[in-house]
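Taken in sequence, the protein lines are chains F and V. The opening position of the first sequence corresponds to residue 1 in UniProt numbering, with each subsequent residue numbered one higher. The opening position of the second sequence corresponds to residue 1 in UniProt numbering, with each subsequent residue numbered one higher.
Everything labelled a hint here was simulated from the structure, so no lab data went into it. Everything numeric in this text was worked out from a predicted model, so none of it was measured. Among the hints, a few may not be true.
Label-pair ranges, simulated between beta-carbon atoms [as the list claims (entries may be wrong)]:
#: 1; chain 1: F; residue 1: Val292; chain 2: V; residue 2: Ser95; range: 38 to 44 Å
#: 2; chain 1: F; residue 1: His125; chain 2: V; residue 2: Leu459; range: 32 to 38 Å
#: 3; chain 1: V; residue 1: Trp406; chain 2: F; residue 2: Thr197; range: 37 to 43 Å
#: 4; chain 1: F; residue 1: Thr261; chain 2: V; residue 2: Lys367; range: 39 to 45 Å
#: 5; chain 1: V; residue 1: Lys194; chain 2: F; residue 2: Gly54; range: 46 to 52 Å
Note that beta-carbon positions come from the ideal geometry of N, C-alpha and C, so glycine has one too.
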Amino acid sequence: MITTDLLRFFSTDPQRVKPIYYTLRGKKTFSNLLAAKKHGYLIYFHSAADLTWGQFEHHIGQLQREQLIQPVSKNEWCLTAKGQAWCVQQPPFLTKYYNGLTMPKLNVALAQLHLAIQVLSQFQHKNKQYFPVVTDFSIQWQVRQWFQRVKRTENLSQRFEQELTHWFTLLPSAQSNFVAANFSGYQFGFSQAQLATRFKYSAYDGTLVQLDAIACLLLQLQQVPKNWPLCQQLLPSEAFLQLPLSRSTKATYALFQQGLTLSQICQSRRLKAGTVREHLLEAALLIPDFDVTTLLKRNDLAADIYFTDRLNEILELNKHEC
Amino acid sequence: MSVDLLAALEQKFGYYEFRPGQQAIIENILQGQDTLGILPTGSGKSLCYQLPAYIQQGLTIIVSPLISLMQDQVAQLQLQGEKQSIALNSTLNWSAQKFVLTHLKNYRFLFSAPETLNRPDVLAALCQVNIQTLVIDEAHCISQWGVDFRPSYLKLGAIRQQLQPKATLMLTATATPKVQQDILEKLALPKAQKVIYSVDRPNIFFDVIQCADRQAKQAQLLTLIHQLQLPGIIYFSSRQSAETMAQLIQQQCHIPTAFYHGALSTKDRYLIQQRFMTGELKVICATNAFGMGINKADIRFVIHYHAPVSFESYLQEVGRAGRDGHQSIAILLTLPDESGRQARLLEMGLPTPVMVKAFFKRPDRFKNSPEPAFELLNQLYRNRFTESEVTQMLENKRREKNESLWAFNRFVNLTTCRRQHLVHYFGEQQRIVHDDQCCALGFDTAITATLEKLKLYHLNVEEVPSDADLNLDTLEWPQVLKHIFE
Numbered sequence: 001m002i003t004t005d006l007l008r009f010f011s012t013d014p015q016r017v018k019p020i021y022y023t024l025r026g027k028k029t030f031s032n033l034l035a036a037k038k039h040g041y042l043i044y045f046h047s048a049a050d051l052t053w054g055q056f057e058h059h060i061g062q063l064q065r066e067q068l069i070q071p072v073s074k075n076e077w078c079l080t081a082k083g084q085a086w087c088v089q090q091p092p093f094l095t096k097y098y099n100g101l102t103m104p105k106l107n108v109a110l111a112q113l114h115l116a117i118q119v120l121s122q123f124q125h126k127n128k129q130y131f132p133v134v135t136d137f138s139i140q141w142q143v144r145q146w147f148q149r150v151k152r153t154e155n156l157s158q159r160f161e162q163e164l165t166h167w168f169t170l171l172p173s174a175q176s177n178f179v180a181a182n183f184s185g186y187q188f189g190f191s192q193a194q195l196a197t198r199f200k201y202s203a204y205d206g207t208l209v210q211l212d213a214i215a216c217l218l219l220q221l222q223q224v225p226k227n228w229p230l231c232q233q234l235l236p237s238e239a240f241l242q243l244p245l246s247r248s249t250k251a252t253y254a255l256f257q258q259g260l261t262l263s264q265i266c267q268s269r270r271l272k273a274g275t276v277r278e279h280l281l282e283a284a285l286l287i288p289d290f291d292v293t294t295l296l297k298r299n300d301l302a303a304d305i306y307f308t309d310r311l312n313e314i315l316e317l318n319k320h321e322c
Numbered sequence: 001m002s003v004d005l006l007a008a009l010e011q012k013f014g015y016y017e018f019r020p021g022q023q024a025i026i027e028n029i030l031q032g033q034d035t036l037g038i039l040p041t042g043s044g045k046s047l048c049y050q051l052p053a054y055i056q057q058g059l060t061i062i063v064s065p066l067i068s069l070m071q072d073q074v075a076q077l078q079l080q081g082e083k084q085s086i087a088l089n090s091t092l093n094w095s096a097q098k099f100v101l102t103h104l105k106n107y108r109f110l111f112s113a114p115e116t117l118n119r120p121d122v123l124a125a126l127c128q129v130n131i132q133t134l135v136i137d138e139a140h141c142i143s144q145w146g147v148d149f150r151p152s153y154l155k156l157g158a159i160r161q162q163l164q165p166k167a168t169l170m171l172t173a174t175a176t177p178k179v180q181q182d183i184l185e186k187l188a189l190p191k192a193q194k195v196i197y198s199v200d201r202p203n204i205f206f207d208v209i210q211c212a213d214r215q216a217k218q219a220q221l222l223t224l225i226h227q228l229q230l231p232g233i234i235y236f237s238s239r240q241s242a243e244t245m246a247q248l249i250q251q252q253c254h255i256p257t258a259f260y261h262g263a264l265s266t267k268d269r270y271l272i273q274q275r276f277m278t279g280e281l282k283v284i285c286a287t288n289a290f291g292m293g294i295n296k297a298d299i300r301f302v303i304h305y306h307a308p309v310s311f312e313s314y315l316q317e318v319g320r321a322g323r324d325g326h327q328s329i330a331i332l333l334t335l336p337d338e339s340g341r342q343a344r345l346l347e348m349g350l351p352t353p354v355m356v357k358a359f360f361k362r363p364d365r366f367k368n369s370p371e372p373a374f375e376l377l378n379q380l381y382r383n384r385f386t387e388s389e390v391t392q393m394l395e396n397k398r399r400e401k402n403e404s405l406w407a408f409n410r411f412v413n414l415t416t417c418r419r420q421h422l423v424h425y426f427g428e429q430q431r432i433v434h435d436d437q438c439c440a441l442g443f444d445t446a447i448t449a450t451l452e453k454l455k456l457y458h459l460n461v462e463e464v465p466s467d468a469d470l471n472l473d474t475l476e477w478p479q480v481l482k483h484i485f486e
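In isolation and in its complexed conformation, chain F is listed as follows:
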């Protein structure tokens, strides 16, 4: 990640920087999620998992030194006029399909696809001796299983090529060119670093280009699986697409959907009131058609100002979205 990659997370509205960092790292607390949703960067959840706090602080300091952002209060920052101009002149890559919350394993899907392409290409060219582009054992295992299943398919390479062609026609051509050039196959392959230089993307943008493309493919596989027989077997969408809720929150949400009151949920799940409140706040924030009014009606726990204030904030946010 380079310093100016962070500019996309700022606007003229004052905001705290810590939620940006925790969103990029993929830390799921309600206050982070709320801030990320409020400021429109929730989809970038977990998109820079390796970023350290030291690096992040360095970037923020650099943005301030270059007068691209400015402090509004002790903890809040916003874009300067120079920062706004930069965002207009050098717009970042904008994702269309990517959502880090519902697609937490896109890197795995991409690696599986890359390895499958390499395997098929080398197979087509009758070459058995090559460096596999992925060394992760579990990914190699998945691709090996897939290849065993499909390798007797008539015109296998041609069919796979057709599916990839179909996918690339759904994307802007520059994005398709970037993604395709990063494939490895028989006597072919450019590193992402080379591509980023050629396409003038930062490393972070280069990653987003790839993740957005694979997200597009996964959504297609989910919607019309029969159009993608080979890709569907390689990347079963249920393994890569999920509800944006953690396992425990899902369990709480399921009981809520069954009509239980909040104290009944506490009893049934043997959880503290605070935990159940936190789960339902998360669900209210992340599930698009969540019924906040019903939640308020079924709240038979002791009054909690934080809980009601946050719910009101979510209601307000949803109104704006409508």
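Here the structure of chain F is known, so what remains is to put chain V in place on it, guided by the hints.
Then chain V, alone, in the frame of chain F:
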């Protein structure tokens, strides 16, 4: 036996003869004799355990210090067409590790680190299978006297006793006599056979060029790249320098160049390795992360843009040149005041006495610290080293590193035969007969003449991509798919 070995060598690897030392080690292993093999970098150490693994039944376990090194070695075997190899380490999730442990019989080669091998579940599973050879790669890491000491290697003595392999093979490229003795003592193998071949690589010319300042150094490098026979590797001490210079070489010399360092993704690392191996890339600008597992025979030069971290590293890195036996060159570019920079690098990663004190006061506080210095202290602590032992050990390590650095600086500034100094440092009594193919005496002030003399002078002109269709600047996705699948 010899005839069969040669036949097996040809059949499995396509070679018609062994390199020095290989046959003696392989015969020892096949006879079940524990062996310490010290062979220079590039002499084909891996073959010493790979060939016996194809001749005898059973599992060969290779202990390796780094995950990246294990992955490189597995990839190298996969490149050779060997599918029964696996690296058992933290990159595998729990269920994958369980799968490997319950299917050990399906594997011929298992790479692992001492910490993993020492796990009760791993030991229990390994004790159920027939272990042919336990290979301890980079065996010098077990010695507290060595600059690369790794505390976890100390567990290997006990692990070996539990595994009961038919033979133990300790491999290293660099071990002074003191380190050799330490290796055998720590593994409780005093009767092991020793197969030691000189660290000297006669086909590599050692050269040092002193540049007036940084700008002059950069200009000198670009001139060299214009004149040197390719391919080659340039080593840098930082990722940033490797990236910057790779770009500069591409722009100014128009030679396909890539940078390589530890921050690249695995996929990019393999792509670059593969393109270098197949000759598409001619120059690699790298940090010391590059090279492990690289087995390209025709590398004609290794340039050190910055001095290496130790004499041992220098030898390993220059040893990647000329594995095909043809004339090659190792060039070190130096500045008049370079030793200060090296001294700072030397201290990197080593805990200071204040850090040691703070750590032992509250070890739990530093349990998850990502700082290399605290990582080392954590390892030592886990291996039950006391504060005074650690202090003493670090003092030794500092002294060893200083000695290595001092010896290397002497090598750089020498006006007599550098090769002689090098073999002496590594404890060899060999008398080098210096000639003009050996090394530069003092700083080389006429590099072009040196290259001409060595027949390594080659004016590099702009390279035109061999296949214009695959020029990245004009590449469109339909062409890519066509190239890949048709």
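(message) Within 37 to 43 Å: is that where the Cβ-Cβ distance between tryptophan 406/V and threonine 197/F falls?
(response) The hint (37 to 43 Å, Cβ to Cβ) holds, given that tryptophan 406/V and threonine 197/F are roughly 41 Å apart.
(request) Could you check the hint for me, namely that histidine 125/F and leucine 459/V are 32 to 38 Å apart, CB to CB? (result) holds (35 Å)
(message) If I claimed the Cβ atoms of lysine 194/V and glycine 54/F lie 46 to 52 Å apart, would that claim hold in this structure?
(response) Since the Cβ atoms of lysine 194/V and glycine 54/F sit about 47 Å apart, the hinted range of 46 to 52 Å holds.
(message) For the hint 38 to 44 Å, verify it against the beta carbon of valine 292/F and that of serine 95/V.
(response) holds (40 Å)
(message) Verify the CB-CB distance for threonine 261/F and lysine 367/V against the hinted window 39 to 45 Å.
(response) holds (43 Å)
The earlier numbered hints are all upheld by this structure, with none contradicted.
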